[in-house]
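Chemist: Using the sequences and the hints, build the whole thing.
In case you want the letters, here they are:
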Amino acid sequence: MDRHQRNANRIIVISFIAFLCIFMVGGILLEDKDTSASERRKLTQAPLLSGATVISGKYMGSMEDYLLDQFPGRDVFRVIMAEFDRNVLHKWDTNDYYMADGAVFKLDYSMSEKNIQHAAEKFSDIFDKYFAEGNCYYSIIPDKNYFVGEKYGYPGYDYDRLLDIMGQYMKDSQYIDIFDMLDIDDYYLTDLHWMQTEIVDVADRLAFAMGAALGSISEKEYENVVASSDFMGGYGGASAFNSRNDELVYLTNDIISDMKVYDYEKNAYVSVYADEKAEGIDPYDVYLWGARALLSIENPNAINDKELVVFRDSFGSSMVPLLAQQYERVILVDLRYVTADYAMTLAQPKPDSDVLFMYSTLLLNNSSSMKLN
Amino acid sequence: MLFSSITFLYYFLPLTLLAYFVMPRKGKNAVLLTASFLFYFWGEPKYCFLMAGAILTGYCSGILIERLKGSRYRKPVLALSLCILLLLLGIFKYLDFFIQCINSAFGSKIALVKLALPIGISFYMFQIVSYCIDVYRDEVKAEYNILDFAMYVSLFPQLIAGPIVRYETVSAEIKHRTHSFDKVSAGIGRFVIGLCKKVLIADSFGLLVSQLEVLEGMGTLGYWLIACAYTMQIYFDFSGYSDMAIGLGGIFGFTFPENFNYPYISRSITEFWRRWHMTLGGWFRDYVYIPLGGNRVSLFKWFRNVLIVWALSGLWHGAAMNFVIWGVYYGIILILEKLFLSKLLKRLPVVLQSIYTMLLVIIGFAVFRTEDLSQVLMQLKGMFGMLGGETSVQTGRICLYYLKSYAVLFVISIIGATPLIKMLFSKILQFQPEDSKLPEGSKKICMAAKTVLIYLKPVFYILCMVVVTAYLLNGSFNAFLYFRF
Chain A
1 MDRHQRNANR
11 IIVISFIAFL
21 CIFMVGGILL
31 EDKDTSASER
41 RKLTQAPLLS
51 GATVISGKYM
61 GSMEDYLLDQ
71 FPGRDVFRVI
81 MAEFDRNVLH
91 KWDTNDYYMA
101 DGAVFKLDYS
111 MSEKNIQHAA
121 EKFSDIFDKY
131 FAEGNCYYSI
141 IPDKNYFVGE
151 KYGYPGYDYD
161 RLLDIMGQYM
171 KDSQYIDIFD
181 MLDIDDYYLT
191 DLHWMQTEIV
201 DVADRLAFAM
211 GAALGSISEK
221 EYENVVASSD
231 FMGGYGGASA
241 FNSRNDELVY
251 LTNDIISDMK
261 VYDYEKNAYV
271 SVYADEKAEG
281 IDPYDVYLWG
291 ARALLSIENP
301 NAINDKELVV
311 FRDSFGSSMV
321 PLLAQQYERV
331 ILVDLRYVTA
341 DYAMTLAQPK
351 PDSDVLFMYS
361 TLLLNNSSSM
371 KLN
Chain B
1 MLFSSITFLY
11 YFLPLTLLAY
21 FVMPRKGKNA
31 VLLTASFLFY
41 FWGEPKYCFL
51 MAGAILTGYC
61 SGILIERLKG
71 SRYRKPVLAL
81 SLCILLLLLG
91 IFKYLDFFIQ
101 CINSAFGSKI
111 ALVKLALPIG
121 ISFYMFQIVS
131 YCIDVYRDEV
141 KAEYNILDFA
151 MYVSLFPQLI
161 AGPIVRYETV
171 SAEIKHRTHS
181 FDKVSAGIGR
191 FVIGLCKKVL
201 IADSFGLLVS
211 QLEVLEGMGT
221 LGYWLIACAY
231 TMQIYFDFSG
241 YSDMAIGLGG
251 IFGFTFPENF
261 NYPYISRSIT
271 EFWRRWHMTL
281 GGWFRDYVYI
291 PLGGNRVSLF
301 KWFRNVLIVW
311 ALSGLWHGAA
321 MNFVIWGVYY
331 GIILILEKLF
341 LSKLLKRLPV
351 VLQSIYTMLL
361 VIIGFAVFRT
371 EDLSQVLMQL
381 KGMFGMLGGE
391 TSVQTGRICL
401 YYLKSYAVLF
411 VISIIGATPL
421 IKMLFSKILQ
431 FQPEDSKLPE
441 GSKKICMAAK
451 TVLIYLKPVF
461 YILCMVVVTA
471 YLLNGSFNAF
481 LYFRF
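These protein sequences, in sequence, are chains A and B. Once you know that position 9 of the first sequence is 9 in this note's numbering, the rest is easy, because the numbers rise by one and skip nothing. Once you know that position 339 of the second sequence is 339 in this note's numbering, the rest is easy, because the numbers rise by one and skip nothing.
No lab work stands behind these hints: they were computed from the structure. For clarity, every value in this text was computed on a predicted model and none was experimentally measured. Some clues are possibly wrong.
As the list claims (entries may be wrong) - Lysine to aspartate or glutamate pairs mimicking EDC-like chemistry, simulated, CA-CA at most 16 Å apart:
1) A:K306 - A:E328
2) B:K183 - A:D2
3) B:K457 - B:D182
4) B:K404 - A:D2
5) B:K450 - A:D2
6) B:K404 - A:E328
7) A:K171 - A:E121
8) A:K114 - B:E216
9) A:K129 - A:D172
10) B:K381 - B:E216
11) B:K404 - A:D96
Modeler: Right, dumping it as structure tokens:
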């Protein structure tokens, strides 16, 4: 064995043991973190040691989870993994996330016709039960895969079939098609949601279909307020891709500023936009305070006494402030957190209210997460 | 504890290495014994006593068998010790399988015992059995130091998934072994490569298999994709583990036997089994096949011997009927090859010989993968387009997507399953200018390449550790497939 080989062997042994020891000591000395901002979840904390947990083996399992979550430099390692998967192994997705045209997407091809049918049937039941005198509308928001999946060879939902099912089971409702008004540039690069600045025309289409004058929303003037100039959306954080962050902007004007939002969970009035949420785990929560079960928006500048009830998911949070300009009152119900019965009891809508079921394809496909029974 | 876990890599291993190398020579075996029991306790706290009982049985049997040399009680003592060991294995691994067989044969309703399978029981029981037989055959001397014997059986690098290390292989190293930077470095290299094989390749294919097997309305492409992915997964999983075990053994001064020798380059099933899980094949040859008479018997008895050995070999892999079928499947192919197929194969081009072998191996692993016999049949029918019913266009698209997504990994794994890279690096690293007939200029370039390669090794290993750690932190790693054996 020559001198170089002997030297290299020494370097291998020393560097390998040093590498292991550095991370061992780092793991022991560094303070544990409570949450992971990029993954938007709580991190596992040190398990309690007891005879029973050791004998049952639970302690060892929990310890491994804890060490995985609290490993020094974990976020950097997550990026390394995602980029290695993408650029070295050339896998088309990593943990079901993929990048195309600089944006991050979630691969989702398992469409459940049963779930979609269940949602449509229950939406019809809700309308029949509470709004016998009103007008019922529904609109479906395509997920990001719709725009690029086929182009880049990623499997996705059968969107035509999804629309067929909805139409079949919501016969008494009017469908407002917005697919043709959206493209991939209307969505954040790192998040699943659409950008409020890009959907004013969509709000106009919805309002016009429900009886407002065309142009009544898009022709108004708005001030663009930058809530976050470095917005890392849910997809960006979960995928750990080295992606460019977004700018999170909300639209406001005198009408929107004057609106009062009643939060039935807090039993208090709140603002339309929650600026303090821009620094939170999910900055998208600036729109109507994020995940809220039941809200009521009162518009003192309304030009009519019309009322709108919107059954919605998180996409609705950025859309409804725009729509609310055309109504005296808008009630927002998120069926993931409250049943329709309880929401109607609390909010007491008019029987002749306009009703809009506005859901993304993602939630319709996972309708089991809604309280529909 | 898994080798591919943060607990092992970043806590257990560095602490064990430090304790081992700081300890004077006399205490090194004690460090390894303590570490090995801690290692087993971490994964199987309750079954530590079972392993301790098996060790005690083997230890006492060895001494008794040796001391009874020339006595008529020697054979009964061996038989008794083997009965105890195999009974323990039978109870903890096969009891429910036997009950199920009885229930289905006689329509009885005997309740299942549902004992959890102790990890590594098949491996350490076989090691103790081989030790007892070897002492009986006077091939090794009995071990009188119980700590050394316990360390041999429980030695954590090979404890739970092999290779099956016979006592005679390491008996000298248990008493006296040398350590050097060169040996430790070689061990680290082998360990890191094994870790990459397991975490980067096997676990990725494992993910692919789990993504595909839940699809409905799958066509021929899907079934073949699953079968090929599983074929790669099981090789890189098990050979990766063996590499890690051999590497760790090397770090601690032991020379473990090789367990795999690029089995997927085989040109016949006979050759495949000379290259796949070599320590198990050797074990069955020496302790079952040859005692039964091997091939020096009548043709009928030889058929019987082969089928017994391969049915047992299948059963060793798991307590389910598909493993027995898998074993007998290979037994039959080996008989056919011995009778006439080998001669026919040799007349074919090499490519066709390889295709023949891999086709049978892939079909074999399709049987091996699924314990539910109806699923086995469905998988095989699916692979050959005999399933009937409608296949989903959407599922076809999804399968095609995954084929494209994993194309590079398939290419890497196919290259990795051949000795090409090893040969290339060996050629460069073993280059000696005085032995070469190259012109002087080329010799200098080769020497420079050799030096660069030598110094790139430490960088490569650390990079591998970084990437492997990144994958482990992703939390998508699987337990080793061979843990269930």
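Chemist: If a hint holds in the structure, say so; if it doesn't, say that too.
Modeler: A quick look at each hint next to the structure:
no.	hint	in the structure
1	A:K306 - A:E328	holds (6 Å)
2	B:K183 - A:D2	holds (15 Å)
3	B:K457 - B:D182	holds (13 Å)
4	B:K404 - A:D2	violated (45 Å)
5	B:K450 - A:D2	holds (11 Å)
6	B:K404 - A:E328	violated (54 Å)
7	A:K171 - A:E121	holds (10 Å)
8	A:K114 - B:E216	holds (15 Å)
9	A:K129 - A:D172	holds (13 Å)
10	B:K381 - B:E216	holds (15 Å)
11	B:K404 - A:D96	holds (15 Å)
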